[in-house]
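Chemist: Each chain, letter by letter, is given below.
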Amino acid sequence: DGGITQSPKYLFRKEGQNVTLSCEQNLNHDAMYWYRQDPGQGLRLIYYSQIVNDFQKGDIAEGYSVSREKKESFPLTVTSAQKNPTAFYLCASRSTGRRDIQYFGAGTRLSVL
Amino acid sequence: GIQVEQSPPDLILQEGANSTLRCNFSDSVNNLQWFHQNPWGQLINLFYIPSGTKQNGRLSATTVATERYSLLYISSSQTTDSGVYFCAGNTGGSYIPTFGRGTSLIVHP
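So the sequence lines, in the order shown, correspond to chains P and H.
Everything in the first sequence is counted per my numbering, starting at 1 for the first residue and increasing by one.
Everything in the second sequence is counted per my numbering, starting at 1001 for the first residue and increasing by one.
This is chain P alone, in the form it adopts within the complex:
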């Protein structure tokens, strides 16, 4: 099946710990995105990448880091500097060309222990 796979579905972080959320796509899309969603809120952009080995900060990048070493993969690390990491994290990729469409993974729920 073609799509975007996020793992794990649920993740718990201890104080001072870095955790990494996985995002893999087999849609052959160049662009990938990470969003954060807090309860009852919309989506806020953390980081995006338009091409391998390149990424840009979004609106709320502080306390997060990413890498884009492969086209298929765009992992997000929530560092200990992110003081309020409890949220729902969504990864997306985007097709380009005649129709510019964004597709989403199923999300990862991160909680602090």
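No wet-lab data here; the hints were simulated from the structure.
Watch out, some of these pointers could steer you wrong.
[As the list claims (entries may be wrong)] Covered stretches of chain P (in silico footprint by chain H; criterion: 3 or more residues with CB under 8 Å from a CB of chain H, positions within the stretch not fixed):
1) 44–56
2) 95–101
3) 106–113
[Stated by the list, open to error] Label-pair restraints from in silico Cβ distances:
4) I1002/H / V112/P: 16 to 22 Å
5) N18/P / D1027/H: 36 to 42 Å
6) T1020/H / S80/P: 45 to 51 Å
7) R1101/H / F12/P: 42 to 48 Å
8) F12/P / Q1014/H: 37 to 43 Å
9) Q1014/H / A81/P: 36 to 42 Å
Predicted model only: the values in this text are computed from it and were never measured.
We put the CB at the ideal spot given by N, CA and C, even for glycine.
Given the coordinates of chain P, assemble chain H onto it according to the supplied hints.
Modeler: Coordinates of chain H only, in the frame set by chain P:
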């Protein structure tokens, strides 16, 4: 960046009712999409509709690009339609879609 306004913010319906959700943009957009976020959090693509009208079963959407708005129609609503509906679009050469704050829909049996 552009502003995206969705209305109404909340909607409660009885099963079988029809509804219209609206999305207004502060500037011209391309690549306009409608999404449904189900109770488990997944965003499902409903429509890619930069202009014109499309239908998919009980759902249809219309975008009037010159007037900077889009409408999502839900007919004969079902409990499985519950969730949050988002619209998103980007302007010019931007690769970053701007999302509205969503319309939360609850359909009661």
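Chemist: Now tell me, hint by hint, if it's right for this structure.
Modeler: Against the structure, the hints come out as follows:
1. 44–56: holds (count 3)
2. 95–101: Since 3 is at least three, the answer is holds.
3. 106–113: Since three or more residues must qualify, the claim that chain H covers the segment 106–113 of chain P holds, with 3 doing so at under 8 Å.
4. I1002/H / V112/P: 16 to 22 Å: violated (34 Å)
5. N18/P / D1027/H: 36 to 42 Å: Given a distance of about 39 Å, which is inside 36 to 42 Å, the answer is holds.
6. T1020/H / S80/P: 45 to 51 Å: For S80/P against T1020/H, whose Cβ atoms are near 46 Å apart, the range 45 to 51 Å holds.
7. R1101/H / F12/P: 42 to 48 Å: violated (28 Å)
8. F12/P / Q1014/H: 37 to 43 Å: holds (39 Å)
9. Q1014/H / A81/P: 36 to 42 Å: For A81/P against Q1014/H, whose Cβ atoms are near 48 Å apart, the range 36 to 42 Å is violated.
Checked against the numbered hints above, the structure breaks hints 4, 7 and 9 and satisfies the rest.
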